[in-house]
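Undergrad: So the chains spell out like this:
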Amino acid sequence: MATRQTQSLARLMRAPAIILLLIWMIVPLAMTLYYSFLNYNLLNPASTSWAGWFNYQYFYTDPAFFEAIWNTLILVLGVLCITVVGGILIALLIDKPIFGQGIVRILVISPFFVMPPVAALIWKNMIMHPSYGVLADVAKFFGLQPVDWFAQFPLFSIIVIVAWQWLPFATLILLTSLQSLDGEQMEAAEMDGASALSRFFYLTLPHMARAITVVILIQTIFLLGVYAEILVTTNGGPGNASTNLTYLIYRAARLNFDIGGAAAGGIIAVILANFVAIFLMRAVGKNLD
Amino acid sequence: MARAVSQNTKIGYTIAAWLVALLIFFPILYAIITSLKTEQEAIAGFDLIPSFTLESYREVQSQYNYFRPFMNSVIIAIGSTVLALIVAVPAAWAMAFAPTKRTKDILMWMLSTKMMPAVAVLVPIYLIFLKTGLMDTRIGLVIVLMLMNLPIVVWMLYTYFREIPGEILEAARMDGATLGQEIVHVLTPMAVPGIASTLLLNVILAWNEAFWTIQLTTTNAAPLSAFIASFSSPQGLFWAKLSAASVMAIAPILIMGWFSQKQLVRGLTFGAVK
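Line by line, the protein sequences give chains A and B. So the first sequence is numbered by UniProt numbering: it starts at 1 and just counts up by one. So the second sequence is numbered by UniProt numbering: it starts at 1 and just counts up by one.
Everything labelled a hint here was simulated from the structure, so no lab data went into it. All figures in this text were calculated on a predicted structure; none of them were measured in a lab. One thing to keep in mind: the hints can contain errors.
Computed footprint of chain B on chain A; a stretch qualifies when at least three of its residues, placed anywhere within it, have a C-beta under 8 Å from a C-beta of chain B [what the hints assert, rightly or not]:
1) 5-11
2) 59-72
3) 145-153
4) 195-203
5) 213-225
6) 246-258
In the BS3-like style, the derived pairs of lysine-lysine whose C-alpha atoms are separated by at most 27 Å in a straight line are [as the list claims (entries may be wrong)]:
7) B:K101 / A:K96
8) A:K96 / B:K114
9) B:K114 / B:K262
Even for Gly, the Cβ is constructed at its ideal location relative to N, Cα and C.
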């Protein structure tokens, strides 16, 4: 039992982490909120004035804003579909008795450890480049016209790159969950004549449901913030075709020096992330007794 | 229980699994191969056999002073992680061994700070950095990355510490151990593996961070993620060199990652999947 002395010691031990995170959470967010009501451009800081709701009106009625929201949704959903479905299939395959399982696991997990700019540049230059990329070589081999991926399908290309980075994460987590599946239950179902397909849908999939939920929620949080992959490949273009919300705000702040507008955009990014966060907190909270 | 599987089925699964694995690993493999080619070979069409020249690796160092961003990455990744551990170990410790009614709420709140999108606070952090002279300094990035990863560090440590049985503490206390002796002789040896795993995962996360590093550095303090991102400009059409720089940037973390698969699942799911 904790005595009063240990309780006060414990409070002292907790304090630094709590205070630091409190500052980290409140101060910048309060500043963002404050700036979002200012006419504040870094090119002309002297003429800063109160803007009221102008920044919000300006930012949220801009066609680029809706395009960015749409692109953000497509990017998140596209990557989620590829990684969850692919992750389940690959996890099922790796879980089977195979030779060299350890090495297969290492190869599959590797893309997760590649930093985003490197991943994007490898795909941009060595895989998807219209004249020197491997895909262009394959197309030429079959006598086809090589595709200029980033010009013709910019958002799709970015989805492919990001999905490649996150597929290992989904696979690894789903594999972990798969390995805790009760083998005897499976065997019993098999003896009772359940087909492989119905075993998958009635036993395996329900068992993995929790892990799938966690994969979807955690990935969504990271996918809302995709940035470096866009920066080094398409720069958000052509036009706004591959601009997501993160990139739009970055552009407002750093390229247009529009502090007020970027802050107003930041507020909606917080609201968007909060939707996801609430669900994730519930899923994780259940695990804390 | 593993069921008996016929040899043919096993070979079938093996071939399928290896094909998938090699396909996924291919971009990394191809970058490694390209880094060992000359610049002419690199754009000469698909070829898996390079001339095994180390020229690109030498040139990346001599032309771009590769060593500097590399050292920046090392300092920033390790610095931010160690700093986070210094703050997080006591906190996680207290929450695991002297929990109060509010401990669960505090943990959930910490998790919620991790959900804040980085871009939402880009404006204030950027302005603070400009005004305080932290822009393009290593210490500035160490602070930001430390704060960013602190919730994960606390959470990971907490889930590890919670697995240390409390009875051991009581037994030590019964035998007349003081709090200091308890910590040094009983708890530390049991806590070290958890702390080590946490350290490993967070060095990986900090090393690969590519939003703040690009926003808050230019040349002086730029770590590898920002350095490599600058290769995206049109004049950077030197693929063998780009590959060499990329391979050097990911190799240390790739190897660390292979050893931390288990911790990765645990750390990134906040203990929700074990």
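Undergrad: Indicate, hint by hint, whether the structure satisfies it.
TA: Verification of the hints:
1. 5-11: The restraint on the stretch 5-11 of chain A holds, since 5 of its residues have a Cβ under 8 Å from chain B and three suffice.
2. 59-72: violated (count 0)
3. 145-153: violated (count 0)
4. 195-203: Coverage by chain B is violated for the stretch 195-203 of chain A (0 residues, Cβ < 8 Å).
5. 213-225: It holds, with 5 qualifying residues against the three required.
6. 246-258: holds (count 5)
7. B:K101 / A:K96: violated, 44 Å
8. A:K96 / B:K114: Measuring from Cα to Cα gives roughly 36 Å; hence the hint is violated.
9. B:K114 / B:K262: Cα-Cα ~21 Å, so holds.
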